[in-house]
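J.: Next come the chains, spelled out residue by residue.
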Amino acid sequence: MQVQIFSMNKKLLVAAMLATSVTAFSQPRLPDNYYWQKLDNGLEVVVIENHKVPLATIEIAVKNGAYTEGPEYSGLSHLFEHMFFKANKDYPDQEKFIKRTEELGMIWNGTTGDERVNYFFTFDKDSLNAGLKFMNAAIRFPIYRTEDMQKERPVVDGEFQRAESDPYFQLWITVGKKVWGDLFTRKNPIGDHDIINSATPEKMMVIKDKYYFPNNSLLVITGDVKPAEAFAKVKAIFGDWASSGFNPHEKYPIPEFKPIEKTEYFVKESPIAQTPYVMYVWQGPDTRRDSVGTLAADVFSTVLGLNSSKWQQALVDKGLASYAGVSYQSAAHVGPVQILAVPNPGKLKEFTAEVLNQVNHFADADYFTDEQLQTAKDILRRNFIRSNEKPSALSSTLTFWWCSASLDYYTDYMKNLMNVTRADIQNYLKKYVIDKPYVAGMIINEDMSKQLKVNEFFKN
Amino acid sequence: MKKIFQYTICLVALALPFAGSAQKQASPYDMTINGVKVIVQPSGNDIVVIQTIIKGGVQNYPASKAGIENLAINALTECGTMTDDKNSFKDKLDKVSAQVGGSSGMDFASFSLNCIKSDFDEVWPLYTDALTSPRFDPKEFDRIKQDAINNLRASESSPDNAINKLAKQTAFAGTNYAKEPQGTVASITALTPAETKKYWQSIFTRSRMVIVVVADLDKATIEQKVKALLSKVPAGAPFVEQKKSYTPAANSFKEEQRANATNYVRGIASGPLPGSPDYNAFSLAMSIFASRHFLEVRSKHGLSYAPQAWFSGGTTPYANLSVTTTEPDKYIAVARGLIDKVKKEGFTADELKNEKTGFLTGIYYRNETNEAQAASLASNEVLHGNWKRSIQIKEDVDKVTLQQLNSVFNKYINNITWVYQGDPKKVTPTMYTQKETPKMPAEKKAF
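Quick mapping for you: the protein sequence lines, in order, are chains A and B.
Number 299 in numbering that gives the first Met the number 0 belongs to position 300 of the first sequence; there are no gaps in the numbering.
Number 305 in numbering that gives the first Met the number 0 belongs to position 306 of the second sequence; there are no gaps in the numbering.
Simulated from the structure, these hints should not be mistaken for lab results.
Predicted model only: the values in this text are computed from it and were never measured.
Hints may be right or wrong, so weigh each one.
[Said to hold, decoys possible] Covered by chain B, per the in silico footprint, the following chain A stretches (three or more residues, Cβ under 8 Å):
hint	region
1	140-153
2	237-249
3	257-265
4	279-286
5	341-355
Using N, Cα and C, we set each Cβ at its ideal position, and we do this for glycine too.
Construct the complete structure from the given sequences, taking the supplied hints into account.
T.: Next comes the structure, spelled out in structure tokens:
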């Protein structure tokens, strides 16, 4: 799909005219076949018309998640997401809830991230009205019973324990605590065992009353649907969902993260790490304050993924690591820049030295060629085409960007990536990475750690 | 543009190798070129996917050589070709962001090309070079061998991989399905580039091949290109994939101490062979059972985040039950009680009706991409000898009756091979092995 910039095309105009009572809000830029409306209650609605398969997917995303959680609520956006699938006024227990999903032949799920909680259902295109009503009952009229929560708490905690059984997660969480300091809960959607296990219906209501309003949500319908009909159905079903009357993120502002004070290294020994993993993290740009930086980060990460890059040649081609990736996670509130590697245990010392050597040269004028820069952009462009292949996944992509940037950012993303210059990348690196404090961690089993004397060289 | 660490509630697993033709796509067809079946599904989009399938999987090598097929396939793109050294080859792929590579599983290997249609003429020569004239450069081979060992250790660090491996090695001990396609540290360490190249040449024969194309390429172009490719491939000896049933003689339980934050339980039971009349009914039965298992274990008893049940329908087919839980004794009481209940009372007509509706959603949902469609066509051809099953499945599933559903569940879900990793002090093995269904253990504090 080609990204197109326009304010309103002909089809959209027709769709908008059919929904006559929708207030005239300024239109965001959107790709072709994407249609947008905002209801009077503030609910933004996007319909993505795609007739590849006879299915419809509906998704509601709420600007909620780890970033809204102080220590006393750590992990409760996620528990709330689970409770969404438990009981509501139309389907008062989970057995009835699941039975309804089976009647509609529905595939359903939800996720909780740093800056978004989303719920999505996919079903036959003819069940759109029934699916919207089902979503409406679940998002607006949930029922929180103490006994249901007692059953769900160990389920959510079990998800946590599964994650804790994985060495990568253990490394990630230990690095995260050091990168984000006192505000780590705002980057940790899985949360805290004690908070999860003592959660109450009252705390669920606090979350609902802060964030679960139409003016803090985006509803996306994707698939084999007609936009005008879809908008009309949404208005009929969600039109009386009352606005909160306030912007939750103004009323409950997200505190700013403090910069990492000084570079810190640690080695975590764990019997489940059969081979070492290494992670380095810097605090990077965010879409609120430096959108050019976020784009430069994505292009630079792609350059470093090229087989011909100095990074891959020095680390993977030379056999110092099986994998060495650099990535940036886009966020509205400070995205992390991360190196994740699976080093060759026999060359761990050389690997550690080479990573630093490479990082120190990241911003050099000759660190990558013009040809590599262009190849990276071409890869991003082709990946974008591929990312639009699966209709049921389009909603989640859009809601991610709505929560962590904006619809305009998403629509302009490819065009703006193509405009990223070498200077933009160097500015990004100098501002966030070169000579900036970072946290470096390694997880390794005890025997290997002693044998390789890791503490002697993996240090500041 | 990366999203990490999102926590999801689990979809009920539907591990069924089915596909459906999409609404906007032209009809698929097949043709035989130089003795090789070529299956073509027009895609209706700008993405080209081609998969070359090599039949056999774990049947192709002894346990002592486990990992050789995966290493050989990795070497096709990582150790250069006669035209390009490794860096030149990979740089050319990067230039057009094409994905060329593959892997070998339990029943077959797949070597895939995925590119944008306008790049196809540049990518196709690289793809065929990798298949027909791989260099197996010794220096690069040493590197990928070390990577394979590192990846094996990394994979063993994952608790889900670890329980999966233990379950297969316990249930299928002494058979082909006990072999690990990724190999072991010992088997991979011993492999040489010469031996691995020779092995590749021995299995890359027309007699083992199927080619699947999901793309909007005209028939003449496909015919001409595939013909040129196959002219460089030897005919080989006839090959027939062996199928073998798994029927445990009794319940069994094997435990392993592992420093997990929770306990992992996996059960393996019997299942019908691909191509047998019970196959579709059992697929539906396990899918309905998965929903009940989820409801009973998670919703009603809060015993697990991820209770799952599914049917692995390969050449050795088997049913799976899987859970992570802090209370493994309670879980087994609930799971075995549920199995008894289904056997005694059966599934309901409503459940079958709803499952058929959901099945269709699942067919379309799982086959929205060219890669998924190609994989479905390939697995149906290799396992069932009938790629058209991929697009006829709706009609086939509609024919399944309630009586068949209940009959196959009773027939195949009997003795179960259980394995366990975590804290052995938390589990009572006899509750898993005893003939009669265990009672729910006395209440104790979960945390």
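J.: All the hints need checking, so say for each whether the structure fits it.
T.: Evaluation of the provided hints:
1. Counting residues of the region 140-153 of chain A whose CB lies closer than 8 Å to any CB of chain B gives 5, which reaches the minimum of 3, so the coverage claim holds.
2. Counting residues of the region 237-249 of chain A whose CB lies closer than 8 Å to any CB of chain B gives 0, so the stated coverage by that chain is violated, three being the minimum.
3. Residues of the region 257-265 of chain A lying with their CB closer than 8 Å to a CB of chain B number 0, which falls below the three-residue condition for coverage.
4. Only residues whose beta carbon comes within less than 8 Å of a beta carbon in chain B count, and the region 279-286 of chain A has 0; fewer than three means the coverage is violated.
5. Counting residues of the region 341-355 of chain A whose beta-carbon sits less than 8 Å from any beta-carbon of chain B gives 4, enough to reach three: the coverage restraint holds.
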